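Student: Residue numbers (the working numbering), protein chains in the order written: chain A, 1 to 437; chain B, 1 to 437.
Warning: the hint list may mix true and false statements.
[As the list claims (entries may be wrong)] A few chain A residues that face chain B, going by a derived Cβ cut-off under 8 Å, partial list only:
no. : residue
1   : Leu175
2   : Ala178
3   : Pro193
4   : Thr210
5   : Ala212
6   : Val291
FYI, nobody ran anything at the bench for these hints, they're computed from the structure. As the structure is a prediction and not an experimental result, all values here were calculated from the model. Beta carbons are placed, not taken as given, at the ideal position from N, Cα and C, and that holds for glycine.
There are 2 protein chains.
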Amino acid sequence: MSSPDSSPTARSGKLSRRALFGTVGVGVVAAGAGVAVGRLTTPEATTYADTTVVDFHGVHQAGIVTPAQDRMHFVAFDVITDSRDELVALLKTWTAMASRMTAGEQAAPDGALGAGQYNPPTDTGEALDLAACQLTLTIGFGPTLFEKDGVDRFGIAGMRPAALVELPKFTGDALEPARSGGDICIQACATDPQVAVHAVRNLARVGFGTVAVRWSQLGFGRTSSTSTTQTTPRNLFGFKDGTRNIKAEDDAAVDRFVWVDRSDDQEWMGGGSYLVTRRIRMLIESWDRTVLHEQERVIGRSKGSGAPLGQEDEFDELDLDSKGPDGPLVDVAAHVRLASKEELGGIEILRRGYNFTDGSDGFGHLDAGLFFIAYCRNPLEQFVPMQQKLARNDAMNEYIKHVGSAVFAVPPGVEGDAFWGSTLFGGGLAADDEAER
Amino acid sequence: MSSPDSSPTARSGKLSRRALFGTVGVGVVAAGAGVAVGRLTTPEATTYADTTVVDFHGVHQAGIVTPAQDRMHFVAFDVITDSRDELVALLKTWTAMASRMTAGEQAAPDGALGAGQYNPPTDTGEALDLAACQLTLTIGFGPTLFEKDGVDRFGIAGMRPAALVELPKFTGDALEPARSGGDICIQACATDPQVAVHAVRNLARVGFGTVAVRWSQLGFGRTSSTSTTQTTPRNLFGFKDGTRNIKAEDDAAVDRFVWVDRSDDQEWMGGGSYLVTRRIRMLIESWDRTVLHEQERVIGRSKGSGAPLGQEDEFDELDLDSKGPDGPLVDVAAHVRLASKEELGGIEILRRGYNFTDGSDGFGHLDAGLFFIAYCRNPLEQFVPMQQKLARNDAMNEYIKHVGSAVFAVPPGVEGDAFWGSTLFGGGLAADDEAER
Numbered sequence: 001m002s003s004p005d006s007s008p009t010a011r012s013g014k015l016s017r018r019a020l021f022g023t024v025g026v027g028v029v030a031a032g033a034g035v036a037v038g039r040l041t042t043p044e045a046t047t048y049a050d051t052t053v054v055d056f057h058g059v060h061q062a063g064i065v066t067p068a069q070d071r072m073h074f075v076a077f078d079v080i081t082d083s084r085d086e087l088v089a090l091l092k093t094w095t096a097m098a099s100r101m102t103a104g105e106q107a108a109p110d111g112a113l114g115a116g117q118y119n120p121p122t123d124t125g126e127a128l129d130l131a132a133c134q135l136t137l138t139i140g141f142g143p144t145l146f147e148k149d150g151v152d153r154f155g156i157a158g159m160r161p162a163a164l165v166e167l168p169k170f171t172g173d174a175l176e177p178a179r180s181g182g183d184i185c186i187q188a189c190a191t192d193p194q195v196a197v198h199a200v201r202n203l204a205r206v207g208f209g210t211v212a213v214r215w216s217q218l219g220f221g222r223t224s225s226t227s228t229t230q231t232t233p234r235n236l237f238g239f240k241d242g243t244r245n246i247k248a249e250d251d252a253a254v255d256r257f258v259w260v261d262r263s264d265d266q267e268w269m270g271g272g273s274y275l276v277t278r279r280i281r282m283l284i285e286s287w288d289r290t291v292l293h294e295q296e297r298v299i300g301r302s303k304g305s306g307a308p309l310g311q312e313d314e315f316d317e318l319d320l321d322s323k324g325p326d327g328p329l330v331d332v333a334a335h336v337r338l339a340s341k342e343e344l345g346g347i348e349i350l351r352r353g354y355n356f357t358d359g360s361d362g363f364g365h366l367d368a369g370l371f372f373i374a375y376c377r378n379p380l381e382q383f384v385p386m387q388q389k390l391a392r393n394d395a396m397n398e399y400i401k402h403v404g405s406a407v408f409a410v411p412p413g414v415e416g417d418a419f420w421g422s423t424l425f426g427g428g429l430a431a432d433d434e435a436e437r
Numbered sequence: 001m002s003s004p005d006s007s008p009t010a011r012s013g014k015l016s017r018r019a020l021f022g023t024v025g026v027g028v029v030a031a032g033a034g035v036a037v038g039r040l041t042t043p044e045a046t047t048y049a050d051t052t053v054v055d056f057h058g059v060h061q062a063g064i065v066t067p068a069q070d071r072m073h074f075v076a077f078d079v080i081t082d083s084r085d086e087l088v089a090l091l092k093t094w095t096a097m098a099s100r101m102t103a104g105e106q107a108a109p110d111g112a113l114g115a116g117q118y119n120p121p122t123d124t125g126e127a128l129d130l131a132a133c134q135l136t137l138t139i140g141f142g143p144t145l146f147e148k149d150g151v152d153r154f155g156i157a158g159m160r161p162a163a164l165v166e167l168p169k170f171t172g173d174a175l176e177p178a179r180s181g182g183d184i185c186i187q188a189c190a191t192d193p194q195v196a197v198h199a200v201r202n203l204a205r206v207g208f209g210t211v212a213v214r215w216s217q218l219g220f221g222r223t224s225s226t227s228t229t230q231t232t233p234r235n236l237f238g239f240k241d242g243t244r245n246i247k248a249e250d251d252a253a254v255d256r257f258v259w260v261d262r263s264d265d266q267e268w269m270g271g272g273s274y275l276v277t278r279r280i281r282m283l284i285e286s287w288d289r290t291v292l293h294e295q296e297r298v299i300g301r302s303k304g305s306g307a308p309l310g311q312e313d314e315f316d317e318l319d320l321d322s323k324g325p326d327g328p329l330v331d332v333a334a335h336v337r338l339a340s341k342e343e344l345g346g347i348e349i350l351r352r353g354y355n356f357t358d359g360s361d362g363f364g365h366l367d368a369g370l371f372f373i374a375y376c377r378n379p380l381e382q383f384v385p386m387q388q389k390l391a392r393n394d395a396m397n398e399y400i401k402h403v404g405s406a407v408f409a410v411p412p413g414v415e416g417d418a419f420w421g422s423t424l425f426g427g428g429l430a431a432d433d434e435a436e437r
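Isolated chain A, as found in the complex (with noise of 0.2 Å):
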């Protein structure tokens, strides 16, 4: 069994993508002071050649308290056969395909140019020359996928658990259905976009037939670090974001407000987490004709050093009774005061969203927010009192309107032989019960 986080281990005996074509160009972040070069002369700045690999077999599932990275390709999948057989087949499939990608491997050991010039490619090949940019896959199942009108169309309807239930209207929604729900859905995150884009088109391309893409969702940069080893990201408020998010490295609060413990609801979800997508369009255009002590106001921490109102630094602690002259420092109706676990009776999630910015609203203006990704122990208990009270008196409201939205039981990781839900389908009551069918 290995561990999920333990110190760094040699891979050896595998080839990497990159390693197929010899070395070409390594870049190298420029660092110091600031240089002007000719405009023929840039160096590479480039991130495809982040050879690290984020190990993809553990307790838990990557991708929830590895350190967040940059870029993201989040899909949600409906599931369009009836067959128990073909979904528990594809899941098997991506595993295997998953467990490749992220060791910076193709998609098959055939690939884009081994699999005969008279077979199709089991590998696009736009990740040939990219190495595995810590790509995480992460797996989620929608309560839809338990059952969908009424049906359980896969024998899991009674191993859903209590708190996988679709969330409740929250007030303000503008829920766009074709952005929202799902029976699965994948995050994909690294270091190099092209890399998260080139995994879920694989899985999606061997999905054909058994599952179809509902909604996909490009993050172009993180606003939440996971780990202390990581800088505060600015959100598209121009705010450090996610200043108290939990950290990887606080196991007291990962194992409380994260990780799924076997004997909270259903065995199989042990070792797992649940999964809230909320795509909050931002409002920038008033945003931005806002004057700074507004936005810092509605924020409740200063703009520049992301200190708490009142404070110096970032990290300094959250004075919530601290008088100013006119009231007390963080307003009342302040987001951070609002989402603080000393408003919600100490509950606290992990954030791990990311800005996005997709085309026009068709009105004149950017459609930009940001793709909230929150993974919490019981979205029942954590997320949804958070959400109601945001909801209903964050001072944020008047500038971002939620659009979609979508809730995902995830999984436990994968150690072993077991598969993406092998411990939903593979190894419980329902399987047997397949099996004598």
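Using the hints, position chain B against chain A.
Tutor: Same frame as chain A, but now just chain B:
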């Protein structure tokens, strides 16, 4: 007068955005053999610390022969004012902002934090901790800026170059108006996508009331090399793209095929170029089910090496006459043949496109493809005949759909106190007329 392609120059006395906050993590891309690390200890492989500055000023605009940066955000605006003065004022403001942002500075001197508590910040802040990242900003003027619905809105109809006309309809075009056209475009390229998005967003912000976003496109990975110093990237067909592209180092080709000479037509375009964009949806689901032999026949190159069929190396000569057992090794309908200068009477263009993935197409597939960008000296003599040939005969047409299209006149670069478009608005006859009104 500064030379656009000079050797490295020292840039001093300017405070970069990052300097405001001291040194944050400097990313170095891992190199060498693949390594696996624990999930909590992955190194940062980041582009945001890339302090390389591409000089904004020069005879030509940057972002054309500049080695293509990995990420792009492209925006097309409608001008919504009828006031020439407002338009010119915006172009001047944009020039100053672009000069600053490409140098790694905030959009305006007071910026995100210095405009006062009771004013809207003059920079939106999401790039506060990000370096220049080789940002280039390149502006273009569409035919409708000169005359729209028969109206000469800004007194420049007489200065429209003959080459700047709407592209003809090509066989198979399936253009969406909401993804096509535009009065003004700005191409933002950078090694970090947040730097490109920040630039577009801030230019759109100050344009409020004067321009409105018509469409925008994020490109997650470059599909062309524009310099011999770069490796050839792959498009979403999995093939190396742009092997025979014009390279910046080839002065003769650049002068002949990219830069407009002042004697070509309108004097104000001397040192400029023309920009054609095509949003090319790839029908990747069909492509991915096609056998390798057919894929290589369609392209005319080996998928692995990128070599022309029948050759060994990517850069081996394209021999259109070589015969195989079943006819020419490079098919008569192969993309590489039809797009070749040999078949086009010597025509070449400078390609600078990007891979994109935008959610779902609503029919179970990823909306993915190639955002084609080409620069040329005269679209009517270069892009149009090339595309007419491709649209009629290219074997690739079975797997692509052109859904967006636009053409723009790209004015020359900015030197001294000039501004974007000053040769059109500021120094010409129309400007004198304007001054007398």
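Student: Each hint: holds or not?
Tutor: Evaluated hints:
| no. | hint | in the structure |
| --- | --- | --- |
| 1 | Leu175 | 15 Å, violated |
| 2 | Ala178 | 7 Å, holds |
| 3 | Pro193 | 4 Å, holds |
| 4 | Thr210 | 11 Å, violated |
| 5 | Ala212 | 3 Å, holds |
| 6 | Val291 | 5 Å, holds |
Hint violations for this structure: numbers 1 and 4, all remaining hints satisfied.
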